[in-house]
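Construct the complete structure from the given sequences, taking the supplied hints into account.
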Amino acid sequence: MPAVRISSVSDRVRIIAENRNDITVDGDARIQVDGDRTTVDHVKSRLTVRVPLGTDVVIGTTSGRVEVAGAVGAASVVTESGRIEIEEAASLDARTTSARVQVGRVSGRCRVRNKSGRVEVGACGGADVATKSGRIDLQHVTGPVEAHCVSGRIEIRLDTSANVDAETVSGRISVHLPDAARPHRVEGPMVFGDPPDGCDCTVRAASVSGRVEVTPS
Amino acid sequence: MNTLADSSCVGAALFTDLVGFTAYTDSVGDAAAVLVLDHQTEIVGSVLDGNADGRLVKELGDGLMIWFGSADAGLAGAVDLMRAIEDARRGGSFPLAVRMGLHHGEAIERGDDLVGQTINIAARVSALAGPGELLVSDEVMGACADDRGDVPASPIGPVSVKGVSEPVWLQRIDLS
Numbered sequence: 333m334p335a336v337r338i339s340s341v342s343d344r345v346r347i348i349a350e351n352r353n354d355i356t357v358d359g360d361a362r363i364q365v366d367g368d369r370t371t372v373d374h375v376k377s378r379l380t381v382r383v384p385l386g387t388d389v390v391i392g393t394t395s396g397r398v399e400v401a402g403a404v405g406a407a408s409v410v411t412e413s414g415r416i417e418i419e420e421a422a423s424l425d426a427r428t429t430s431a432r433v434q435v436g437r438v439s440g441r442c443r444v445r446n447k448s449g450r451v452e453v454g455a456c457g458g459a460d461v462a463t464k465s466g467r468i469d470l471q472h473v474t475g476p477v478e479a480h481c482v483s484g485r486i487e488i489r490l491d492t493s494a495n496v497d498a499e500t501v502s503g504r505i506s507v508h509l510p511d512a513a514r515p516h517r518v519e520g521p522m523v524f525g526d527p528p529d530g531c532d533c534t535v536r537a538a539s540v541s542g543r544v545e546v547t548p549s
Numbered sequence: 002m003n004t005l006a007d008s009s010c011v012g013a014a015l016f017t018d019l020v021g022f023t024a025y026t027d028s029v030g031d032a033a034a035v036l037v038l039d040h041q042t043e044i045v046g047s048v049l050d051g052n053a054d055g056r057l058v059k060e061l062g063d064g065l066m067i068w069f070g071s072a073d074a075g076l077a078g079a080v081d082l083m084r085a086i087e088d089a090r091r092g093g094s095f096p097l098a099v100r101m102g103l104h105h106g107e108a109i110e111r112g113d114d115l116v117g118q119t120i121n122i123a124a125r126v127s128a129l130a131g132p133g134e135l136l137v138s139d140e141v142m143g144a145c146a147d148d149r150g151d152v153p154a155s156p157i158g159p160v161s162v163k164g165v166s167e168p169v170w171l172q173r174i175d176l177s
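These protein sequences, in sequence, are chains A and B.
Convert by adding 332 to the 1-based position in the first sequence; the result is the number in this note's numbering.
Convert by adding 1 to the 1-based position in the second sequence; the result is the number in this note's numbering.
Since the hints were made in silico from the structure, they are not lab data.
All residues carry an ideal CB built from backbone N, CA and C; glycine is no exception.
Among the hints, a few may not be true.
[Said to hold, decoys possible] With the C-beta cut set under 8 angstroms, the calculated list includes, among others, these residues of chain A facing chain B:
no., residue
1, Val341
2, Val410
3, Arg445
4, Ala462
5, His480
6, Val501
Right, here's the structure in full:
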């Protein structure tokens, strides 16, 4: 499967994954091809890169916005302040300092690191999200979740029973499990491994001073 | 008088930071927070005892700067330290996660301290890591021996560092 690596500073990067066999770059940049790997750097204008469906993408900007349309493979995005929008990926690693992160669907694990920006994930097969003050909103999750923040609110809605470890210092936590879930609640350190008999998942939701809600309890 | 060349060295700089330490201190008080730092010092000491090529350069509040004489020693030491702290967290004896960043290159010795762009970049790499994460630059992986073991890594992307013309490409070490 091909892979694309892009390094931009302030210029917007737009990836379009579509039914095609080649990679095209529209914009002023240096392009290097090494086997299946294409590296685009020294970017001097807005970029639009068209790639085959399922292509792995690695993108870094300082302030440039990153948009990924269509279904890519493993996606890694790092930016300081550029907004990140991912429509669909097989897996995701996104890191930013202050940008908003908006993700449509990730079939595998979705890892996001942010300080102050909000993180929204429409659907994912599991999540590992950490912010400092940014709100975390994870919907239609079907795998294990780790969500940590200091003062932001955490909302997690699972479609299937899965382990949840949610932790804040002062933010509010809401965990919505499926109606048929039989959670094992723990207060101390997260217990890894199988839940005890009679339970189908382990849930730890801890906030030092914020309100915690887990349904069904 | 030493020349600049005499005082330079090549190796790997590791920065660590306790995630949420300020908020934790606010909630439990100074005395309990200091116990966490003491425990961290114990864990680091035990890891460095088994890594002859590493030394604690300095403490930076709740963070640490550690220097290793080679990329291999740095990667091994960072992995050992992260695993030791994660084990302590799971066992309930250590309340906070740590983030780590490792970069390889040249540094200048200044007394017991080290300075230079390698150090600056390592600090920046650490700042991008999340709780329980170890990020390393491509320079670390490139300087490691081919048989650097079974440490899997996945690409993170390029980051800009002030004063450095080319972006630094990062990888995440998978410790699971």
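To see whether the hints hold, each was checked on the structure:
1. Checking valine 341 of chain A against chain B by beta carbon gives a least distance of about 6 angstroms; that is within 8 angstroms, so the hint holds.
2. Of the supplied interface hints, the one on valine 410 of chain A holds, with its beta-carbon coming within about 4 angstroms of a beta-carbon of chain B, less than 8 angstroms.
3. Because the closest C-beta pair between arginine 445 of chain A and chain B is about 4 angstroms apart, less than 8 angstroms, the hint holds.
4. Below 8 angstroms, beta-carbon pairs count as interface contacts, and alanine 462 of chain A has one with chain B at about 4 angstroms; its hint therefore holds.
5. Taking 8 angstroms as the C-beta cut-off, the interface hint given for histidine 480 of chain A holds, the closest approach to chain B being about 5 angstroms.
6. The beta carbon of valine 501 of chain A is positioned within 8 angstroms of a beta carbon in chain B (closest approach about 4 angstroms), and the interface hint is therefore held.
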